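Colleague: Sequence:
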Amino acid sequence: MVGRLPRCNILRPTLDMLLCAAVILPLIQAWLAVGSGALQNTEVQLDEATVIGISAGSIESFLGIPYAQPPTGNLRLQLPQLIKAYNGTLNATVVGNQCVQQALVPPPDLPLEVLQDVAPLLTLFSPNPNVTQSEDCLNLNVIRPANVSADAKLPVLFWIYGGGFVTGSNAMYALLLEFQYESLR
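Residue numbers (my numbering): 1 to 185.
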């Protein structure tokens, strides 16, 4: 059929992710849009720890916060273990490690016209080369409006990145955050 892409099961998850990204990315980008102002550190208390994040305009970001003990050593291939308490100072100014994964590679028989359309997606959903890959990758990012009181009732967007245990991490949008912050420097 003319004008119709060939059916390719290996691309279906990627096309679904594109649709999701097409809807979510503009929302996230609008939400992260920052006014003029310089980057500053911001702090919050979590248990007995001081968590240091980044404040830029009307947004505060706390990145790479571990939500479980590192799944290494005797915890490897076990259920995640809770962190009993946070202590000391936690640097949450950069995204945490992404889980170990390989880059997406298109099948060798993929027609060139399809490859040209899919290539940006392969880059978007491949591991972020600026973020370390490690088994110690159980972390989350918290992004909220600036100057919010501790007892404020904020809406929550809980996003689980896709990828079917093959690709993806909470660092997927780290480049977007870096771009937003770089524009303020």
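If you are wondering where the hints come from, they were derived from the structure by calculation, not from laboratory data.
Here the structure is a predicted model, which means the values were calculated and not measured.
A few of these clues could be false.
Claimed, not checked - Restraint ranges, calculated between C-beta atoms of paired labels, are given here:
id, residue 1, residue 2, range
1, ASP117, ALA150, 45 to 51 Å
2, LEU140, SER58, 30 to 36 Å
3, ASN74, PRO111, 37 to 43 Å
4, GLY73, LEU112, 21 to 27 Å
5, LEU157, VAL100, 25 to 31 Å
6, PHE158, ASN41, 21 to 27 Å
7, ALA146, ASN91, 17 to 23 Å
8, LEU122, ASP47, 38 to 44 Å
9, LYS153, THR50, 20 to 26 Å
10, ASP151, PRO111, 55 to 61 Å
11, GLN102, GLN45, 37 to 43 Å
12, VAL114, LEU77, 23 to 29 Å
13, LEU115, ILE160, 40 to 46 Å
14, LEU46, LEU157, 16 to 22 Å
Idealized CB from N, CA, C, for every residue including glycine.
Colleague: Evaluate each hint against the coordinates.
Modeller: Structure-based check of each hint:
| no. | hint | in the structure |
| --- | --- | --- |
| 1 | ASP117 with ALA150: 45 to 51 Å | 47 Å, holds |
| 2 | LEU140 with SER58: 30 to 36 Å | 21 Å, violated |
| 3 | ASN74 with PRO111: 37 to 43 Å | 49 Å, violated |
| 4 | GLY73 with LEU112: 21 to 27 Å | 47 Å, violated |
| 5 | LEU157 with VAL100: 25 to 31 Å | 27 Å, holds |
| 6 | PHE158 with ASN41: 21 to 27 Å | 26 Å, holds |
| 7 | ALA146 with ASN91: 17 to 23 Å | 19 Å, holds |
| 8 | LEU122 with ASP47: 38 to 44 Å | 40 Å, holds |
| 9 | LYS153 with THR50: 20 to 26 Å | 24 Å, holds |
| 10 | ASP151 with PRO111: 55 to 61 Å | 57 Å, holds |
| 11 | GLN102 with GLN45: 37 to 43 Å | 39 Å, holds |
| 12 | VAL114 with LEU77: 23 to 29 Å | 37 Å, violated |
| 13 | LEU115 with ILE160: 40 to 46 Å | 29 Å, violated |
| 14 | LEU46 with LEU157: 16 to 22 Å | 20 Å, holds |
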